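For the sequence shown, the working numbering gives the first residue as 1, with consecutive numbering after it.
Wrong hints could be hidden among the right ones.
[Said to hold, decoys possible] Now the in silico label distances, taken between C-beta atoms and shown as ranges:
| no. | residue 1 | residue 2 | range |
| --- | --- | --- | --- |
| 1 | 105 | 248 | 30 to 38 Å |
| 2 | 159 | 122 | 46 to 54 Å |
| 3 | 247 | 200 | 16 to 24 Å |
| 4 | 73 | 245 | 33 to 41 Å |
| 5 | 266 | 200 | 25 to 33 Å |
| 6 | 33 | 202 | 35 to 43 Å |
Everything labelled a hint here was simulated from the structure, so no lab data went into it.
Note that this is a predicted model, so its numbers are computed, not measured.
Positions of the beta carbon are idealized from the N, C-alpha and C atoms, including for glycine.
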Amino acid sequence: MRKIFCVSLLLMIILASLPATAKMKKLGQAGMTFLSVGGSARATGMAEAFTFAKNDLASVFYNPAGLASVQNRAFFFNYTDWIADMSVANAAVAWNTGAYGVFSLHTQMMNYGDFNGTAISVADPRGYTDVDVGDVAGLALGLGYGYQMTDKFGLGGNVKYVNQKLGSNDTYMGDALEETGKQNKIGTVAFDFGTIYETGIRSVVLAMSIRNYSGQQLYENEEFGIPQTYKIGVSANLFELLPVSMGSDHRAMLALEGVDPADRPEFMNYGLEYTYMEKFSLRGGWSTQRREDGIGGLSLGAGVKLGSVGTNGRLDFSYSDFGSVLGSVMRVSIGGSF
1 MRKIFCVSLL LMIILASLPA TAKMKKLGQA GMTFLSVGGS ARATGMAEAF
51 TFAKNDLASV FYNPAGLASV QNRAFFFNYT DWIADMSVAN AAVAWNTGAY
101 GVFSLHTQMM NYGDFNGTAI SVADPRGYTD VDVGDVAGLA LGLGYGYQMT
151 DKFGLGGNVK YVNQKLGSND TYMGDALEET GKQNKIGTVA FDFGTIYETG
201 IRSVVLAMSI RNYSGQQLYE NEEFGIPQTY KIGVSANLFE LLPVSMGSDH
251 RAMLALEGVD PADRPEFMNY GLEYTYMEKF SLRGGWSTQR REDGIGGLSL
301 GAGVKLGSVG TNGRLDFSYS DFGSVLGSVM RVSIGGSF
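Construct the entire structure; sequences and hints are all you get.
Here you go:
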């Protein structure tokens, strides 16, 4: 146990030191930001204070160490009704091979909606004409792996290909057409890493993750990074920490997370999930990041167990407040194992 604790502590120190080596200062710029959109109704109902999550396939989008405890064969799907008529879909499947760990395939797809484009036109009195800009979308395809080293310590990682398309356009040099149908797209490979450690102190869990770890990207002579994010969190069953006995039918998971994104200042996520008899859950959370940006900070959610969807089947909903200008974001997720 002491060895596992030392390994966990060493990994946490290494992960925590990576931001300093990966970026000396924050430029406030990032591309492929669809990767930052939350991909689980359960997680977003807790303001994404979700690094601690185990035995939940949605963890592949937050901390791949959570894969290590996924049972049997599992599936997960989430739909996000995002801001400005955009939407995001997340899907994943996983296989627990027993002694060889848990493997997963997952994807995240961003639909940016309809975009209008224009092209120079001498014949048109306006000087331009309306055109179709083509396919505008974001896509991530990944392979994940989680391994439970002991009953208290798990680790995991993802490797994924990330691609973003921003349509096509004609380019001009003065009034002369230089290129027709130029495709505006870029792709790269990124990595996620994470650990989860059950301390043995009541139900206290320590967790860390790095998401979207990749090098600088170059497009049209401009360099940018993808939304690299570092998280460290702690969680516990609140009822086990209080001097009251609520019985095994009641659980209240309290989670606190520090978040260090590459393109924004550090912030905190606070989440709480109350579960009754493993059948029904209520959730709430608060993100200081959205509050500081002036776009709200409150998240709410609920979930219900579905006995008809294999083992651990669950349907979840969440609501996130993004302020009076952007409105609210709704999510629905379904998942289970067989």
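So, going through the hints one by one against the coordinates:
1. 105 x 248: 30 to 38 Å: holds, 35 Å
2. 159 x 122: 46 to 54 Å: Cβ of residue 159 to Cβ of residue 122: about 49 Å, so the range 46 to 54 Å holds.
3. 247 x 200: 16 to 24 Å: For residue 247 and residue 200 the Cβ distance comes to about 22 Å; the hint holds.
4. 73 x 245: 33 to 41 Å: About 37 Å separates the Cβ atoms of residue 73 and residue 245, which means 33 to 41 Å holds.
5. 266 x 200: 25 to 33 Å: holds, 29 Å
6. 33 x 202: 35 to 43 Å: With a Cβ separation near 38 Å, residue 33 and residue 202 satisfy 35 to 43 Å, so the hint holds.
Checked against the numbered hints above, the structure violates none of them.
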